[in-house]
Amino acid sequence: MTMPSLPGKLLYGSISEPLWIEYDRRIGYHSMDNTHYHRAYELFYLYNGERNFFIGDSVYHVRAGDLVLIDSNVVHKTSELDKPNHERAVLHYDHAFFAGLIREETELLLAPFGADHPIVKLNLQEQMHVESLLASLLSELSESPPGYRLHIRNMAIELLLFTARHTQKRKQLPSVELTPVQRKVTDIIRHINQHFREPLHLDDLAKQFYISKGHLCRVFKEVTGFGFSQYINTTRIKEAEHLLRETDLSITQVSERCGFENFSHFGKVFKELSGLSPRAYRKLVQK
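Numbering-wise (the UniProt record's numbering), the sequence shown opens with residue 1 and increments by one.
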């Protein structure tokens with residue numbers, strides 16, 4: 001189902017706010033250009049089209065009517081399959097969004113994000129219910145009547161509550177059968193996730209996993225949407241951000257613990273992915 005009465009793009013809030021919403025009707029082919037992870041919990045609903053979704057260490061085929069749930073700080077990326085055009089709504093819930101709720105309510109609403117399978121398959125009736133909630137939310141956003149922010153917050157909670165109740169009732173989905181190429185890339189990703197603090201070189205991994213360097217780079221990009229080095233850098237910088245927030249380690253020590261062999265390279269990659277130098281990032285988050 002499409003939302004023809006809405007503009008082709010709507011935005012609410014920003015990544016630094018408790019609730020951040022994006023609605024897009026995209027024409028043609030579109031893939032995420034940048035590496036992507038954030039503190040917020042992400043709820044993604046696909047109205048139309050098909051997407052390839054890389055989440056954590058696995059790849060999923062997402063179809064119209066699917067809900068995608070992405071946990072806080074999990075690396076993810078979407079890319080096209082064979083079909084152009086897609087329409088989606090994305091809600092990002094920062095930790096601050098739940099500040100007014102009691103602990104049991106917060107745990108209920110966030111429980112689906114910790115599930116083993118991040119894709120929620122909905123039947124037609126369930127799709128219609130989710131789309132009615134989104135239509136109410138997005139119409140308020142588009143028209144901005146008095147009190148629209150209250151309504152948007154209420155609908156955002158309703159979406160989480162529906163998802164939480166649905167996932168409690170649903171049966172465990174059968175595991176998706178991966179192709180040999182997807183299994184190989186998944187093994188490589190898991191190795192990177194376990195050993196990113198150590199030197200990781202393309203030559204060594206190609207030999208370890210019995211694959212040529214060129215083929216490894218090509219299929220890694222096809223399956224995940226990330227370049228090989230891009231994924232390693234993203235994994236390392238995500239850990240660096242955690243250490244800068246939660247520890248008193250020096251920036252040099254953080255660089256070393258995250259697997260960077262060159263301090264100046266660490267600073268360059270950190271600023272490229274985080275938008276700030278390591279020192280500026282620490283100053284901002286430790287205010």
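Treat the hints with care, as some may be off.
[Said to hold, decoys possible] With a Cα cut of at most 30 Å, we get these calculated DSS-like pairs of lysine-lysine:
hint : residue 1 : residue 2
1    : K221      : K184
2    : K121      : K9
3    : K238      : K283
4    : K221      : K238
5    : K184      : K169
6    : K169      : K221
7    : K213      : K121
8    : K207      : K268
9    : K238      : K268
10   : K213      : K184
11   : K213      : K283
12   : K213      : K169
Simulated from the structure, these hints should not be mistaken for laboratory data.
Hints, one by one, checked against the model:
1. K221 with K184: 13 Å, holds
2. K121 with K9: 25 Å, holds
3. K238 with K283: Between K238 and K283 the Cα gap is close to 17 Å, so the pair holds against 30 Å.
4. K221 with K238: 20 Å, holds
5. K184 with K169: Measuring from Cα to Cα gives roughly 33 Å; hence the hint is violated.
6. K169 with K221: Roughly 36 Å between the alpha carbons, so the hint for K169 and K221 is violated.
7. K213 with K121: Given pair K213, K121 is violated - Cα atoms ~37 Å apart, limit 30 Å.
8. K207 with K268: 29 Å, holds
9. K238 with K268: Distance of about 14 Å is within 30 Å: holds.
10. K213 with K184: 13 Å, holds
11. K213 with K283: Status violated; Cα separation ~40 Å.
12. K213 with K169: 45 Å, violated
Consistency note: the structure conflicts with the earlier hints numbered 5, 6, 7, 11, 12.
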